[in-house]
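Undergrad: The chain contents come next:
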Amino acid sequence: MRVPLWKIAHARSGDKADRADIGLFAWDAPTYAVLKREVTSARLKDHFKAMCEGPVELWPLDNLLALKIVLNRALQGGAARSLRMDNLGKAVAAQLLRMEIEAPADLPRLKK
Amino acid sequence: MKSVRIGAGLGFYGDSWRAVRASIERGGVHYIASDHLSELTLAILQKDRQKDADAGYARDGLPMLMELWPLAAKRGVKFILNAGGLNPEGARAAIARAFRDQGWKATLATVSGDAMLERFDELGAAGEALAHMDTGAALDTVRSRMLFANAYLGAQPIVRALEQGADIVLTGRVADAALSLAPIVHELGWKWDDWNRLALGLTVGHLLECSGQGAGGNFGSAAEWAEIPDYAHLGYPIAEVNADGSALFAKAPGTGGRISFDTLRQQLLYEVHNPHAYVSPDVVLDMGALKLDDRGNDQVKVTGAAGAPRPAQLKIVGGYHDGWMGTGMIGFSWPQAYAKCAKAAETIRTLVAERGWQIEDMNVEYIGYDSLLGANADPTYRDQLNECFLRMTLRTQDRKVADAYGRLFPWLGLSGPPYVGSMKGVQGAKELLGIWPTLVQRERVESKVNVAVEKV
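Residue numbers (our numbering), protein chains in the order written: chain R, 1 to 112; chain V, 1 to 456.
Honestly, I wouldn't trust all of these hints.
[Unchecked claim] The list that follows gives simulated cross-link-like pairs (lysine-lysine, DSS-like), each with its CA atoms no further than 30 Å apart:
| id | chain 1 | residue 1 | chain 2 | residue 2 |
| --- | --- | --- | --- | --- |
| 1 | R | LYS16 | V | LYS105 |
| 2 | V | LYS74 | V | LYS105 |
| 3 | R | LYS90 | V | LYS430 |
| 4 | R | LYS16 | V | LYS315 |
| 5 | V | LYS315 | R | LYS45 |
| 6 | R | LYS90 | R | LYS7 |
| 7 | R | LYS16 | V | LYS448 |
| 8 | V | LYS105 | R | LYS90 |
| 9 | R | LYS7 | V | LYS430 |
| 10 | R | LYS7 | V | LYS301 |
The set of hints was computed from the structure by calculation and includes no laboratory data. Owing to the predicted nature of the structure, the values given are computational and were not obtained by experimental measurement.
Start from the sequences, fold in the hints, and give me the full structure.
TA: This is how it looks when you write it as structure tokens:
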């Protein structure tokens, strides 16, 4: 079934120069396995195509049940040059949580 | 086993120190590591210094110490803060003056030598290209517009200050985590090539450097944020670091917030690029084998930090003038709040085009609809919004255009679509800054770092 990430994971984002970076965290190991399989750099690039002009980098961290995601050239040159309301990219993680992936219906912490 | 307890101080210029007080009074800390400088805070301080040569330091350091030092001194708690900004000596002078007025005694130290802009010619002559480390762009494309450029120093000069008996160490730009790593190394006697222990110290510093974010603040989640207890009294994290290279995270009793596997791992990955090579001046951390063991009751044990040797180069971050931002805002009530904002945006675009202003970029956002979620906003209820605010910004090299732009908007109140929100004044031009990260051979910086100590 199609599941938005907010129903199965949590996330925080921040900024460094012209990069927005996101930590995406599964609540449990079965969900982490799904995230690792479904949240690919190609999917991310498509989800953020309106704001991310550079490559997407992605590192899985099994010890933290987490994916580290970096969106290059995503902040209009950086926080102090950006024209956006969210110049620091703090809500980029919320944008990510809107992404839908294919996931089994029986994940332990799936929200209704 | 020998250990040292480090408490998080501020996480940014303007943060609250109420939770720091709790850490001192009830958290058993030995040191407070306080971070006042985000990547571009130095740009704010540069403007202060242009107006007053004695300014240029973070102005919240002094009032924080005026409130907390009497409590800290009684318990032997020391402070390490980068509130020196662009002028650590100026910050020290202001604190020394205030302490003398109160009759307080303390040993103050400064760490300086991070300022690089005035050394660019010398560095260039020595063969440093100082090209943009991400884009490779040459320095001369921005050199004449550069406002500041500071190297990130490591923990070693702070340790030198502590060795000379400093109670309060004021630095300029140092790696945020160095504010914590230094007292850890100083107290536990770790060696500068003990990479795994240094990596644990760096992990601790990174988990402490954003104050409340390491204790359940800004806990990014769809529902669980509401379960964080007592935001009003949210504590800041405290790390008890052991000589064996482990750390136990906690917070002061009676404070709000939460220390857990979930809150700590959010902070661990925050503003990190490659988690297998988190570079600091003192060590390179691989987070891949870190273990965060949640013991319950707001306690998490951190072990398994892996370190690699420190880099040969230090990072410099510079900021350069990159035009002006003009801002206009206007809000509308239901009915058709969004459609009226869109009509106002179209109207303003026409006015801008008719004036023939030279602009580089324009950003149109609908507050209440997409100003935070951008293209990922859900359009389902867009046309039924109760209210919506239009925010339009532009970038121009012409300051007069940026100023004049904001003045286009009030006119819409009487001559635009109906049920306008109250106008809250016109925003003038705001200077925009480009960021210039670059690298320099560390010896060129470290040979000129200065540690000065003053007894008050």
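Undergrad: If a hint holds in the structure, say so; if it does not, say that too.
TA: Hint-by-hint comparison with the structure:
As the CA atoms of LYS16/R and LYS105/V are separated by approximately 39 Å, the hinted pair breaks the 30 Å bound. The straight-line distance between the Cα atoms of LYS74/V and LYS105/V is roughly 11 Å, inside the 30 Å bound, and the hint therefore holds. Note on LYS90/R and LYS430/V: the hinted pairing holds, with a Cα-Cα distance of about 21 Å set against a maximum of 30 Å. Restraint check for LYS16/R and LYS315/V: satisfied, since their Cα atoms lie roughly 13 Å apart, inside the 30 Å limit.
Between LYS315/V and LYS45/R, the direct Cα distance comes to roughly 28 Å. Compliance with the 30 Å bound is thereby established for this hinted pair. With a C-alpha separation of about 19 Å, the suggested pair LYS90/R and LYS7/R falls inside the 30 Å cut-off, and the hint holds. At most 30 Å may separate the alpha-carbon atoms for a hinted pair to count; LYS16/R and LYS448/V meet this at roughly 27 Å. For the suggested pair LYS105/V and LYS90/R, the alpha carbons sit about 42 Å apart, so the restraint of at most 30 Å is broken.
Simply put, LYS7/R and LYS430/V have alpha-carbon atoms about 39 Å apart, too far for the 30 Å limit, and the pair is violated. With a CA separation close to 28 Å, the supplied pair LYS7/R and LYS301/V stays within the 30 Å bound.
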